[in-house]
Amino acid sequence: MYSDKVMEHFKNPRNVGEIDNPDGVGEVGNPVCGDIMKIFLKIENNIIVDAKFKTFGCGAAIASSSMATELVKGKTLEEAWEVSNRAVAEALEGLPPIKMHCSVLAEEGIHKAINDYRNKQGLSPWEEKHPHSHDHSKDLECQD
Amino acid sequence: MYSDKVMEHFKNPRNVGEIDNPDGVGEVGNPVCGDIMKIFLKIENNIIVDAKFKTFGCGAAIASSSMATELVKGKTLEEAWEVSNRAVAEALEGLPPIKMHCSVLAEEGIHKAINDYRNKQGLSPWEEKHPHSHDHSKDLECQD
Amino acid sequence: MASKRLIYMDHSATTYTKPEVVNAMLPYFTEYFGNPSSIYGIARDSKKAVDTARAQVAKALGADVDEIYFTSGGSESDNWAIKGVAYSNRKKGTHIITTQIEHHAVLHTCQFLEKEGFAVTYLPVDKYGLVDPTELERAITDKTILISIMYANNEIGTIEPITELGTIARKHNIYFHTDAVQAIGNVPINVKEQNIDLLSLSAHKFYGPKGVGALYIKKGVRIENLIHGGGQERKKRAGTENIAGIVGLGKAIEIVTADIPNHNVKIKSMRDRLLKQVLEKIPHSQLNGHPEKRLPGNFNVSFEFIEGESMLLWLDDEGICGSTGSACTSGSLEPSHVLLATGLSPEVAHGSLRLTLGDANTDQDIDYVLDVLPKVVTKLREMSPLYLKSTKEGGCNV
Amino acid sequence: MASKRLIYMDHSATTYTKPEVVNAMLPYFTEYFGNPSSIYGIARDSKKAVDTARAQVAKALGADVDEIYFTSGGSESDNWAIKGVAYSNRKKGTHIITTQIEHHAVLHTCQFLEKEGFAVTYLPVDKYGLVDPTELERAITDKTILISIMYANNEIGTIEPITELGTIARKHNIYFHTDAVQAIGNVPINVKEQNIDLLSLSAHKFYGPKGVGALYIKKGVRIENLIHGGGQERKKRAGTENIAGIVGLGKAIEIVTADIPNHNVKIKSMRDRLLKQVLEKIPHSQLNGHPEKRLPGNFNVSFEFIEGESMLLWLDDEGICGSTGSACTSGSLEPSHVLLATGLSPEVAHGSLRLTLGDANTDQDIDYVLDVLPKVVTKLREMSPLYLKSTKEGGCNV
Ligand SMILES: Cc1ncc(COP(=O)(O)O)c(C=O)c1O
Ligand SMILES: Cc1ncc(COP(=O)(O)O)c(C=O)c1O
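Chains as they are written, first to last, in numbering that gives the first Met the number 0: chain H, 0 to 143; chain C, 0 to 143; chain E, 0 to 397; chain X, 0 to 397.
Next up, chain H with everything else stripped away, as it sits in the complex:
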């Protein structure tokens, strides 16, 4: 069901861990729904010089965290803000429809970490262009 790229990132996730004294932290998701992502950013001169994550979640959630942190590293905050969930999913060579919310979580995690940084800097938070909500609609059922 997963692309090779997803499996590769799931099995060898990049950037697992925490950053001591991070400049920005974003935690999104809900354990009730089976996924929590925590994103840690180190920011120097408006550039993300390091990104790490910890994730409780399915294969797609872990791969999305891995890919999202990879994608934002080295980018300015403005550039990183533009990394959409679709970009994450595409970089992973696609996600099953019912797993798209994992890439959404990753985008939200990055955004939250960036705004955490902006808050700490006394700057007003940036606004989400497409406010997402954790998608509960695709309710499939246990099948055995």
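None of these hints come from the bench; they were simulated from the model.
Misleading hints may appear alongside valid ones.
[Unchecked claim] Listed below are the simulated PhoX-like cross-link pairs for lysine-lysine, each with C-alpha atoms no more than 25 Å apart in a straight line:
no., chain 1, residue 1, chain 2, residue 2
1, H, K111, H, K74
2, X, K378, E, K114
3, X, K191, E, K114
4, X, K191, X, K218
5, E, K142, X, K114
6, C, K10, X, K235
7, E, K126, E, K280
8, E, K267, E, K280
9, X, K90, E, K90
10, E, K267, E, K126
11, H, K4, X, K374
12, X, K292, X, K275
13, E, K235, X, K114
14, H, K10, H, K128
15, X, K234, E, K114
16, H, K10, E, K46
17, C, K10, E, K374
18, X, K58, X, K275
19, H, K4, E, K374
20, X, K280, X, K265
21, X, K46, C, K4
22, E, K378, C, K51
23, H, K4, X, K378
24, H, K51, X, K378
25, X, K374, H, K51
26, H, K72, H, K41
27, X, K378, H, K10
28, X, K275, C, K10
29, H, K128, H, K41
30, C, K10, E, K90
31, E, K114, X, K91
32, H, K10, X, K280
33, X, K374, H, K10
34, E, K234, X, K292
35, C, K4, E, K378
36, E, K292, E, K265
37, E, K374, C, K51
38, E, K47, E, K217
Remember, predicted model here, so these are calculated numbers, not experimental data.
Once you have looked at the hints, place chains C, E and X with the ligands on chain H.
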């Protein structure tokens, strides 16, 4: 579905044909329902000296006609009257439940032929002990 | 097969499963047996196999893959199509139109729905078993939610004018279901061009395994589930998938629809020879169904004065497998509702013989039947009180 | 099997079909393929095969042969039992009692019936997943027409007190249905002694083929058909019989019920060792379901702080096939309704792993899982923000 005995009587039916100038004839059944039996009797000194039949009907109807005519041959009319449908079915080593009506037809055919004879003799007809009716209840369905 | 000669001519009842179909199925019993809903490797293999079969069915019908739903056979598909549409569109209307010659899977489902408050019109047919499109149009009311008309009849083989009927349904915006159980592999089908919204099929009628079928449901059709439960078949048909069966269905439909015109030439020419010679050789015999608009392998002839079951028993004794519309084989006392609907008298209906030819039949089989059948008919007629009467009275109607 | 090591521990999802079962089935595809409703020899052979299978099922359940009806699987059997009784006994009442931990084939059928005007009580369970007989008795009203309680749960393996529950139903003269899909072969069943009126089973859960099941219906039970049509199965379940599948079901149930106690000794001892060691080796792990009243092969453990699907993916990578109650594999966002009904928090439910052992498993398999599983749990916990929190905060509830 049929016993060996039924198949044997179906494939080699005894007493097929007509009797010229029969002493008693009985015709029962209904072509609409798929079975008609015509029984011919030759009676001498109150004894059935010959019995023949013609039947339009299924395997069980033919075998029942064959067996019923066999059973009544050589019997007095009183004895022949007592040959029940159950006796016919038993002599055939059983009939499928939905085919029991064929043995009923045979019994009725014999009865009708005997009463035909009694009528011609100016005697009052004997009364059926267990009035049968052609059983339409076991309605099964086409299955393919 | 048994050691004695066996000539199977009851392909409309069921077919053998082709060896290449069985071979395609085998790995899915013991090797790729995983539940497609599971996550691991062998389960992904079964899921792929189901996807392939779905694509094979879709291609055979001119449908999209996500319009094919696997079921346990023709009866389930018919029940699902009719009850599913009925329950889901009750607010729009409660009138259903079908015909008098449908299979019992359709008729008895409609009768059940009548008990549930639906109204059903059973369209008559002409003496060939054909439905008249103008009669259909006349029967439509603004409460009509479903029209269900079979593609080809299982007893007399008559092929209905489905494209015309489908077009009428579409014009009136009414769902159109067709029971194509007997049609698959015998006539080219394209659900899009023919305006078909729902279509039933069953694998064991075209050399696939028994116990598996499919329902085509056009995208957007409102339909309630028949079997509720797990999320299989995109939440529309619960139950762990019959992987081996589905693989067999896919393979079988691919084979049987690969080259319909050529495939049927041989069967049709054998059938035609059989029919012509039987009607010539045996007096008081008549064809049931339409002379041209009929399934290529279907032979259905009534022999007056005799009853079908006893004919079948004699034929079986000679190694020939056939069927009849006589009540006596079904256990009912009413002969075939299909033959009666075409206007046959019950006694003539009782004397019908259906032989349905298939891939394994040969010209020698036809010769053999042409040799045996007249003898059987003669033997039974000699035993029949009706034949006696008739010849004595000089008439052929009893 | 695939070339790399494959340890299948998902027998509750589905089993492979045993080779002797496949062998028993094979002749019915190509040789004895006749439609049992037909009259000729090869059809009589298929009919006999169906009769034999029916006797095998009857024997396994302590039922009479004419109380067994073949279906397309567990889901159909559940749908039929519940809808069939509901429709047929509506005049008597419209109240149904079931439990919160039933399979979706029961739950969704009940939900459908709620839309149709029936009232359904979903009994709760205790932390082990057990239904309380006094709660059942309290839920009964004079409108109750059906009680449906599963014999053994498919996720946590808990075995319900069916004899007690059946006795209560009988006392109140209410039909009692049990979904025994997971129980067959694992517990001895006697429908007469246990006062069971209807019982569902499915072949692919006990080494038979997929796509075939049965419903036991006690003589005299009033039940409407689910699939209307031909007169098969004594007019109660239409559709040409899936002969090969039915033969396979019969053979499989015969094998699996031949010696239940001995058969399960080995599986249970492997399961017990696995369970004991896992709970010892892996901190923050807890058993789901009842410690004793559980299916012999069922292992269901929650590992806190991690999510089930990622566990399964790693296990699959190591060749181990299992399942989870996490929403993430089902595509839903709600974890298992069964685990929630036992009082588990959603996050702990997400971390559940179900391994269900079967005939092909060995002690070496257990050793292998005991080697691999702790590493997988550790790896995922190290990645988990919950584990971090929890160990920092010193608590194990997040
Ligand atoms: C308890 C239970 N009931 C019903 C079913 C449904 O059976 P099937 O998938 O064969 O339709 C299953 C398994 O899928 C089950 O575990
Ligand atoms: C026209 C038609 N419809 C439906 C069916 C039912 O199919 P099945 O027996 O596979 O359920 C059949 C044959 O049995 C049929 O010939």
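Requested in this report: Take a quick look at whether H:K4 and E:K374 sit within 25 Å of each other, Cα to Cα.
Outcome: At roughly 73 Å apart (the allowed maximum being 25 Å), E:K374 and H:K4 break the hint.
Query raised in the report: Going straight from one Cα to the other, do H:K10 and E:K46 come out at no more than 25 Å?
Result: At roughly 23 Å apart (the allowed maximum being 25 Å), E:K46 and H:K10 satisfy the hint.
Query raised in the report: Does the structure keep C:K10 and E:K90 at a Cα separation of 25 Å or less?
Result: Violated, at roughly 59 Å.
Query raised in the report: Keeping to a limit of 25 Å between CA atoms, is the pair of H:K51 and X:K378 held or broken?
Result: holds (16 Å)
Report task. For the pair we were handed, C:K10 and X:K235, check the Cα-Cα distance against 25 Å. Result -> Given that 25 Å is the threshold and the Cα spacing comes to 34 Å, the pair is violated.
Query raised in the report: Can the restraint linking C:K10 and E:K374 be considered satisfied, given a maximum Cα separation of 25 Å?
Result: holds (13 Å)
Query raised in the report: Holds or violated: are the alpha carbons of X:K191 and E:K114 at most 25 Å from each other?
Result: violated (33 Å)
**Report entry** Pair hint outcome, H:K10 versus X:K280 [Cα-Cα no greater than 25 Å]
**Finding:** With Cα atoms ~24 Å apart, H:K10 and X:K280 stay inside 25 Å; holds.
**Report entry** Agreement of E:K378 and C:K51 with the hint, judged by alpha carbon distance not exceeding 25 Å
**Finding:** This hinted pair holds, its Cα atoms lying about 16 Å apart.
Query - Straight-line alpha-carbon gap E:K235 to X:K114, limit 25 Å - result: holds (17 Å)
Requested in this report: Decide if the proposed pair is consistent with the structure: E:K114 and X:K91, CA atoms, cutoff 25 Å inclusive.
Outcome: holds (17 Å)
Query raised in the report: Given the hint that E:K267 pairs with E:K280, does the C-alpha gap stay at or below 25 Å?
Result: Distance ~20 Å between E:K267 and E:K280 Cα, so the pair holds.
In summary, the structure is inconsistent with hints 2, 3, 6, 14, 18, 19, 28, 30, 34 from the numbered list given earlier, while agreeing with the others.
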